[in-house]
Amino acid sequence: MSNLASRQPWALSSNTFKLQLALVSTIPSIIGVLFVILGNLDFSIGLVGVFLPIQVLTVAAFGWRKARRRGLSDALLIFFTIFFSTLVLVLLLSVLGSVIFEGFKAMSPHFLYENNRYVGTTTSLEYGGVGHAILGTLLIVLLTTVAAVPLGIAMAVYLTQSQSKMRGVVRTVTQSLAGLPSVVAGLFVLAIMQFTHIERSGFTGALALFPLMLPTVARVAEESLRLVPPDLRMAALALGAPNYKAFFQVVLPAAKSGIITALLLGLARVVGETAPLILTINMNNTTNLNPFNGPIASLPTYVYSFLGSNYSSSQQRAWGAALVLLIVVGILFGSARLLSRKKSLKTKPAKKAKK
Amino acid sequence: MMNATSTASTLSAENVSVWFGERQVLQDVNLVFPANQVTALIGPSGCGKSTFLRTLNRMHELIPSAGLAGRVLLDGQDIYDPSMDAVDVRIKIGMVFQKPNPFPTMSIKENILSGLKLSGRKITDADELVETSLRRASIWNEVKDRLGDQALSLSGGQQQRLCIARSLAMNPEVLLMDEPCSALDPGSTRRIEETIQELSASMTIVIVTHNMQQAQRVSDQTAFFLADENTPGGVVEFGSTENVFNQPIDPRTNDYVNGHFG
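So the protein sequences, as listed, match chains B and H. Take the first sequence: its letter number 244 is residue 243 in numbering that gives the first Met the number 0, and every next letter is one higher. Take the second sequence: its letter number 163 is residue 162 in numbering that gives the first Met the number 0, and every next letter is one higher.
A few of these clues could be false.
Stated by the list, open to error - Keeping only pairs whose Cα atoms sit at most 20 Å apart, straight-line, the calculated EDC-like set for lysine to aspartate or glutamate is:
(1) B:K255 to H:D148
(2) B:K164 to H:E60
(3) H:K91 to H:E197
(4) H:K116 to B:D230
(5) B:K244 to H:E60
(6) H:K91 to H:D77
(7) B:K244 to H:D84
(8) H:K98 to H:E192
(9) B:K244 to H:E109
(10) B:K255 to H:E109
(11) B:K244 to H:D87
Unchecked claim - Over 10 Å on every C-beta distance to chain B, these chain H residues come out as not near it, computed from the model:
(12) T123
(13) S137
(14) G155
(15) G238
(16) T240
These aren't lab readings, by the way, just hints derived from the structure by calculation. All residues carry an ideal CB built from backbone N, CA and C; glycine is no exception.
Start from the sequences and build out the full structure, keeping to the hints where you can.
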């Protein structure tokens, strides 16, 4: 057993040291909590005014005692890393938590498949749902994806594989397009619609989302193609592969996981977009599966139209739709990742060779 | 098993000069690589021997600024003739790179068959071709039970022999090797050298190497490349390996092969 103990000689050895570490990491928070409860302090003041200074001081003293200046810098770096990571995590989790908590109240099976045809602002939650908006969101996003992903990948291919002098221009335009405010994209399409007298429809919504998704897909796909070692393409060409086969059978598969990330980030960019859809589609309370005829509902616009209401049942509908949107995004992301993993597993098992 | 059906060809370079942009890196290289012989290209770094090797199967032209003058003849036919397709040239003249570069998304077996697939040729008996190619690269025994594994699961030396096997599956007439052992340990190096010896029975081999002992062990003839400062490189001496190493004519060759510089 004594051999076991010596396996990690760098582990904390002395008990006093462990005790000091425990005190340094717990005492400031205890004092902070006591101040907040007993002194009736506001939580944020307790956190920033009491906990933070005490914690910084104790951590600094602890580090100084251990290794003077070097120990001090080390200890402070570690503390701030943990503090801010926790802060961000708490903020994110509270957003997620409130959506789940509030959204769950509106949740019921019929909420997922019914539409809003007979729902007013005061209608009880027992009636109506977001079924039409789920279908609408999927339809619009699918339409955008079908157009933006192949084009985005094609742009990435152009930017990485060609030697043309236009690449710089294309890349700059793509990058500035990536920062395009979504309202502007919506306004642009709206202007076209009014000029050409095209009616609002799912198609015009997808048209407004397209310039948002394209640059994201193009940029991420370009990065992932750039990471494929040029050696691989050379090896393929040296084996007598024509350019297009070297690309499609060697370079593209090697960049597959990056390309899927590009697809996911592109989806993430557009799936929750509200402003361009409000401008180009507005709202629809009934189910419409034809993207070329009449408005289509979508989850973000659904949330927008109900959240502004003063009635609690309407607000809960909005929360419920937000939760459904989160779930839809989760399912989309999860299935894309699963799809990419399944394919790469196929080549792994050694069974085929044994027969 | 070792049905070496490929007929080796004679490859020759006539007055080959090479440019990158305005900079000339090779001047008037004249070399003949007779069928079934192993030729070693030696010389210090930056003298243009790898570049020269890449002109022999038209990989050189893939560099955007590349330029070339002279002729490269495969059995008397100029591979740079406008009627020749670069793809056909590369099918006949295979290449093994300095760093092992198996295709990471493919299994061992798929790697071997990749050349045929990529060049659009029909695969008649896949299993036999895989076995023959792997045997010729003397790696069959190590991988025969794991042909479906990812190519990257192999060690560096095994990966390089897989790459050799991948080239052999194409049944090339000439095999170009660009420092194939520079990233490998002595054990793997020895096995690849043995492979080269066996392969020379069925093909012509040109190998770039920085290792003098290796050149002496594997090659029948040796060409010594040298580039003086700011001048294009060229062949200083070319002859049988025996003569180049033991009775060099040029004093610079003598200095180089005896380790006085480079």
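Here is what the structure says about each hint:
no.: 1; hint: B:K255 to H:D148; in the structure: holds (19 Å)
no.: 2; hint: B:K164 to H:E60; in the structure: holds (19 Å)
no.: 3; hint: H:K91 to H:E197; in the structure: holds (19 Å)
no.: 4; hint: H:K116 to B:D230; in the structure: holds (18 Å)
no.: 5; hint: B:K244 to H:E60; in the structure: holds (18 Å)
no.: 6; hint: H:K91 to H:D77; in the structure: holds (13 Å)
no.: 7; hint: B:K244 to H:D84; in the structure: holds (16 Å)
no.: 8; hint: H:K98 to H:E192; in the structure: holds (16 Å)
no.: 9; hint: B:K244 to H:E109; in the structure: holds (15 Å)
no.: 10; hint: B:K255 to H:E109; in the structure: holds (18 Å)
no.: 11; hint: B:K244 to H:D87; in the structure: holds (15 Å)
no.: 12; hint: T123; in the structure: holds (17 Å)
no.: 13; hint: S137; in the structure: holds (18 Å)
no.: 14; hint: G155; in the structure: holds (14 Å)
no.: 15; hint: G238; in the structure: holds (29 Å)
no.: 16; hint: T240; in the structure: holds (26 Å)
No hint from the list above goes unmet by this structure.
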